[in-house]
Amino acid sequence: MTSAAGSRWGLRFLGIGYLAVLLIAPLVLIFFKTFEDGLAPPWEAVTSPDGLHALKLTLITVAIAVPLNTVFGVLCSLLLVRHKWKGNWLLDASLNLPFAISPVVIGLSLFLLYGKDGWLEPGLAEAGIKVLFSVPGMVLACIFVSLPFVVRETVPVLQEIGTEQEQAAETLGANAWQTFWRITLPAIRWGVAYGVVLTTARVLGEFGAVSVVSGNISGETQTLPLFVEKNYENFNLPGAFGASVLLALLALVVLLAMNLLKRKEDA
Amino acid sequence: MEAHAASGSTAPPRVRHWRLPGVGAGLGRGVVVLWISLMVLLPLAALTAESLSEGLGQFWTTVSTGQGLKSLQLILVCSLIVVAINAVFGTIIAWLLVRDRFPGKSILNAIIDLPFALPTIVASLILIQLWGNKSPVGIDIALTRTAIVVALLFVTLPFVVRAVQPLLIEMDREMEEAAASLGAGGFTIFRRIIFPNLLPGLAAGVALAFARALGEYGSVLIFAGGKPDTQVTSIFIGQKIESGDAPGAAALSVVLLLLALACLFVVSMIQRWGNRHERSAGAGAGSGAGVTVMPLSGFDEPSADTHPEDQRD
Chain C
587 MTSAAGSRWG LRFLGIGYLA VLLIAPLVLI FFKTFEDGLA PPWEAVTSPD
637 GLHALKLTLI TVAIAVPLNT VFGVLCSLLL VRHKWKGNWL LDASLNLPFA
687 ISPVVIGLSL FLLYGKDGWL EPGLAEAGIK VLFSVPGMVL ACIFVSLPFV
737 VRETVPVLQE IGTEQEQAAE TLGANAWQTF WRITLPAIRW GVAYGVVLTT
787 ARVLGEFGAV SVVSGNISGE TQTLPLFVEK NYENFNLPGA FGASVLLALL
837 ALVVLLAMNL LKRKEDA
Chain V
215 MEAHAASGST APPRVRHWRL PGVGAGLGRG VVVLWISLMV LLPLAALTAE
265 SLSEGLGQFW TTVSTGQGLK SLQLILVCSL IVVAINAVFG TIIAWLLVRD
315 RFPGKSILNA IIDLPFALPT IVASLILIQL WGNKSPVGID IALTRTAIVV
365 ALLFVTLPFV VRAVQPLLIE MDREMEEAAA SLGAGGFTIF RRIIFPNLLP
415 GLAAGVALAF ARALGEYGSV LIFAGGKPDT QVTSIFIGQK IESGDAPGAA
465 ALSVVLLLLA LACLFVVSMI QRWGNRHERS AGAGAGSGAG VTVMPLSGFD
515 EPSADTHPED QRD
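Protein chains in written order, with this note's numbering: chain C, 587 to 853; chain V, 215 to 527.
Short, incomplete list of chain C residues facing chain V, as computed with Cβ under 8 angstroms:
1) Leu608
2) Ser695
3) Leu698
Below are the DMTMM-like pairs computed for lysine to aspartate or glutamate, each with C-alpha atoms no more than 20 angstroms apart in a straight line:
4) Lys702(C) <-> Glu712(C)
5) Lys702(C) <-> Asp459(V)
6) Lys441(V) <-> Glu819(C)
7) Lys816(C) <-> Glu456(V)
8) Lys619(C) <-> Asp354(V)
9) Lys619(C) <-> Glu630(C)
10) Lys848(C) <-> Glu746(C)
11) Lys850(C) <-> Glu746(C)
12) Lys702(C) <-> Glu456(V)
13) Lys441(V) <-> Glu456(V)
14) Lys348(V) <-> Glu819(C)
15) Lys642(C) <-> Glu630(C)
16) Lys348(V) <-> Glu622(C)
17) Lys670(C) <-> Glu750(C)
18) Lys702(C) <-> Glu268(V)
19) Lys816(C) <-> Glu630(C)
20) Lys284(V) <-> Asp459(V)
21) Lys670(C) <-> Glu746(C)
22) Lys848(C) <-> Glu384(V)
23) Lys441(V) <-> Asp459(V)
24) Lys441(V) <-> Asp354(V)
25) Lys284(V) <-> Asp443(V)
26) Lys642(C) <-> Glu806(C)
27) Lys319(V) <-> Glu384(V)
28) Lys816(C) <-> Glu806(C)
29) Lys716(C) <-> Asp703(C)
30) Lys716(C) <-> Glu806(C)
31) Lys319(V) <-> Asp852(C)
32) Lys619(C) <-> Glu819(C)
33) Lys816(C) <-> Asp636(C)
34) Lys348(V) <-> Asp623(C)
These are computed hints drawn from the structure, not numbers from a lab. Backbone N, C-alpha and C define an ideal beta-carbon position, used for all residues, glycine too.
Could you build the full structure based on these sequences and the hints that come with them?
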């Protein structure tokens, strides 16, 4: 028994030690570093015009990309689970791409499609729509990187609930809309919500793809993650730390939401 | 009782008549296919076209010589080291979270997903504070190859943990008890019983972590920098974009894209294999598996039969 207890403590030491060094120490340090000289410097940097603009732009990308991907995600999940189709495997495979592809590759792809000499550039230029180095391009990048989350969280829930209740509703005379709103959506809501949280987290923090398509112009096309990088490059450390802490706090909120939703889902 | 006849969860005849609200399945399918094509596939097609715009020969030269090749070798080696380390520690951590009891466990379980929730550029900034020239513990590895490994360890940590965890939760303790009663020691039980059962999830988690590591950009940008000997492919692509070499950047991007596709293919093969052995890492474990291991073969129903004695590796 002593050797079992020994190996238990050994595993605890290794596992918790690894987490402490890799995850917890950096997280604690960033809060410490940021507020080393008091609250004022990071606060002033984040509430500077550029900082506030970056915050606003981040929220705009979230406000556009998240609802679009949520509607798409629920629709796509219904199709994948409830409607057998021989193209489903291709749909499924395409949905995995955004998880596996490098953000900078995603950014470059959009850059080439919408940029000078790009396939879509002539039409868009004629219509007077500027995609690159402006908000539409950044939103497109955010949509690309966060596309699969809602689908991936909704599909297993849809599979699990089965179709009995939907069929019962239908037998009782409910039309398809009524069945969806009253039966299907309430049954999958925590799965969808979990997907929405993951989508939001990804959009909030996306750096690589957005940095390629946005041009990272202060006060114009800069989200908070880009603001962090630019300020660091320019040796404006209070700005970089302040925005980092803000993003880290948002990340902690996301973790909290994930845990609450997981509990709801399991209940 | 009609409902009783339809109680099987696998498509009874009526399901085919079920329609999406308000729109036919055909219309819905059209919207979904158009959306994915426009948002994902068209940009990737443009990327592939650009990579070949100066001919196949130029493509090959870019990716097989000089800095391009060097960056690919570097990221492949670093990613291999990283997934090997995280496979070991990820399994240990998953084990602690499932089988052990200690105060603060639920907080530890929640914080595993931090690398996912935290923006990568923030991770980079934090890591350089901890392990840079202003390190409070006096360890300066910033702008070295070690920094690449540490950054990748950070961002890929959740993958193995979240892939192994649901398998450990589901695992039948009776087998281990039987082995113990037959006189097997702790290590033998792990090697002969636990490890073979974890293998599908572990392998899938490792493949996903590898895919993620190959393309990682934000977390290495500040911490490992872009000097020629610490330049991974994603950073090199970023520099090529800035210097206006679109075909070169696209060529290297296509290589990363193909490597990512290969990883996805491996994951789906592993999961099909895992499904066959019932211990599915995807379907069934589902959203409980957390962020990182997506049910990639999402609509395969997990088979219900269990033959634990068949697990012999």
